[in-house]
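Protein chains in written order, with my numbering: chain G, 1158 to 1334; chain S, 6 to 179.
The hints are simulated quantities; they were obtained by calculation from the structure and are not laboratory data. Even glycine gets a Cβ: it sits at the ideal position worked out from N, Cα and C. Any given hint might turn out to be false.
[As the list claims (entries may be wrong)] No more than 35 Å apart at the CA atoms, straight line, and that leaves these computed lysine-lysine pairs for DSBU-like: (1) G:1243 <-> S:65; (2) G:1257 <-> S:149; (3) S:93 <-> G:1257; (4) S:37 <-> G:1257; (5) G:1257 <-> S:57; (6) S:65 <-> G:1183; (7) G:1254 <-> S:47; (8) G:1256 <-> S:37; (9) S:25 <-> G:1305; (10) G:1233 <-> S:25; (11) S:99 <-> G:1305; (12) G:1254 <-> S:32.
[Stated by the list, open to error] Non-contacting residues of chain G with respect to chain S, defined by C-beta distances greater than 10 Å in every case (computed): (13) 1185; (14) 1193; (15) 1197; (16) 1220; (17) 1243; (18) 1245; (19) 1246; (20) 1248; (21) 1251; (22) 1257; (23) 1282; (24) 1297; (25) 1300; (26) 1309.
[As the list claims (entries may be wrong)] Using C-beta positions, here's what the derived DEER-type ranges look like: (27) G:1257 <-> S:127: 41 to 51 Å; (28) S:47 <-> G:1270: 48 to 58 Å; (29) S:81 <-> G:1254: 51 to 61 Å; (30) S:48 <-> G:1257: 21 to 31 Å; (31) S:56 <-> G:1266: 51 to 61 Å; (32) S:113 <-> G:1247: 28 to 38 Å; (33) S:173 <-> G:1251: 36 to 46 Å.
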Amino acid sequence: MAPKKNSAKRPQPSTPKPSAPARIVKVQSSDGHILQADVRALLLSSTLAATIKGYDDENKPLEKLEVNNVVGFTLKLVLEWCEKHKEDDPAIAQAEKDKKNIFIPSWDRHFLTKLPMGNLFDLITAAYHLDITGLINYGCKTVANSAKGKSTEEMRELFGIPEPWEQPSTSTATWDD
Amino acid sequence: MVDVTQTKNGRFRFRCLPTKDQMEVIKLMESKDQFAFSYCSKLCKKDISNLKVVSMNSLKVNIESSISLECAFNDHYIFLEFDFDASKAETPEKRLFYQLKHLLYILNTSKIDILRFSISCNNFNLDLIFKFFGTNRVKTLIVKPLVENQIYVSILNSPIHSERLMLEKNPLQR
Chain G
1158 MAPKKNSAKR PQPSTPKPSA PARIVKVQSS DGHILQADVR ALLLSSTLAA TIKGYDDENK
1218 PLEKLEVNNV VGFTLKLVLE WCEKHKEDDP AIAQAEKDKK NIFIPSWDRH FLTKLPMGNL
1278 FDLITAAYHL DITGLINYGC KTVANSAKGK STEEMRELFG IPEPWEQPST STATWDD
Chain S
6 MVDVTQTKNG RFRFRCLPTK DQMEVIKLME SKDQFAFSYC SKLCKKDISN LKVVSMNSLK
66 VNIESSISLE CAFNDHYIFL EFDFDASKAE TPEKRLFYQL KHLLYILNTS KIDILRFSIS
126 CNNFNLDLIF KFFGTNRVKT LIVKPLVENQ IYVSILNSPI HSERLMLEKN PLQR
């Protein structure tokens, strides 16, 4: 008997599309680093997709895309993630957007959890500005998972919430600000 | 253009995330983590309340030899006990009110499912307790056998209004 597949909640990769020759373009970060990326990977970013479409519509050659608000180190991470997911159906990420339980595939879990929290912050912020739904979903879920089982004090430390909670000391004054 | 993605240190500056992403992270937390998060700051408490993400199944308060608060959520349960403690500046009653106000605020409700008075409840300041619960909705008020009749009467005459009253034994009807 074939083993039962437990894949009901897991994102399914899209049907492989007929492989087209990769269209490689240069991408420049805000600090001048020039990276290369497959256009299919860049299309995961709604922001970059709009720029690429603009070039294509005008039949202008696309040689270099400038990403003015993401530094090289973070952009490299973004492009690595996009390259891995360039075959994904964008509808999957959209469907997961409002779910309470997001399943993070093992590659993404490894990719995101190995990052120091500061880099994870940069990556989520970059994903927000580049409008990459899947990366935002997985990034936010990774942050939520990092808070799992933590006390209030530990969460303050984790999230850099600066002001300690002011315990009422002399009255029953409500917390309602 | 200003770089938006370069951290100055290695910490996760949660409040520097875009607001939409902050809310997304909170929504994706487990409910017990959302509960712990609500105590981090006033803003955290407000976010949890506004997002309406924490839902409660029941909220019960027992006033007896100690005060306890029980709150059942979908995936976890909270039990807090408040007793006299010389190391704490606040009285047990005030600590109870503090926790209850927080819970009711983040749960967007003013309803307490069960308020139960039992023996030795007069160890605590009943006037304060009556005043507090008089301003909240109590679904079921339970009065267990009490030592003194006058306490029984004072509970029944208190400003606490409940939808349902359960008197397990009325010492006045001997």
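Exercise for review: Return holds or violated for the Cβ distance of residue 81 (chain S) and residue 1254 (chain G) against the range 51 to 61 Å.
Suggested key: Violated: the Cβ-Cβ distance is about 26 Å, outside 51 to 61 Å.
Check your understanding: Looking at residue 1197 (chain G) again, its CB stays over 10 Å from all of chain S?
Key -> Label holds. Min Cβ-Cβ 23 Å, cutoff 10 Å.
Review point. So is residue 1245 (chain G) really clear of chain S, every C-beta pair being over 10 Å apart?
Key: Given that every Cβ of chain S is farther than 10 Å from that of residue 1245 (chain G), nearest at about 19 Å, it holds.
**Study point:** Separation of residue 1220 (chain G) from chain S, once the least beta-carbon distance is taken, above 10 Å
**Key:** holds, 20 Å
Review point. Was residue 1246 (chain G) rightly flagged as not at the interface, with every chain S Cβ beyond 10 Å?
Key: holds, 21 Å
Point to revise | Distance restraint evaluation - residue 113 (chain S), residue 1247 (chain G), Cβ atoms, bounds 28 to 38 Å | key: The hinted range 28 to 38 Å holds for residue 113 (chain S) and residue 1247 (chain G), with Cβ atoms some 35 Å apart.
Review point. Taking 35 Å as the top limit, are the C-alpha atoms of residue 1233 (chain G) and residue 25 (chain S) close enough?
Key: holds, 24 Å
Practice item. Mind checking the alpha carbons of residue 1256 (chain G) and residue 37 (chain S) for me, to see if they're no more than 35 Å apart? Key: holds, 18 Å
Exercise for review: Could you check that no beta carbon of chain S comes within 10 Å of the beta carbon of residue 1193 (chain G)?
Suggested key: holds, 20 Å
Check your understanding: Taken at face value, is the distance from the CA of residue 47 (chain S) to the CA of residue 1254 (chain G) at most 35 Å?
Key -> holds, 27 Å
Review point. Do the Cβ positions of residue 48 (chain S) and residue 1257 (chain G) conform to the proposed distance bound of 21 to 31 Å?
Key: holds, 22 Å
Review point. Minimum Cβ separation between residue 1309 (chain G) and chain S greater than 10 Å?
Key: Non-interface label fails for residue 1309 (chain G): nearest chain S Cβ at 4 Å, not farther than 10 Å.
Figure legend: structure checked against the earlier numbered hints; hints not met, in rising order: 1, 2, 3, 6, 22, 23, 24, 25, 26, 28, 29, 31 and 33.
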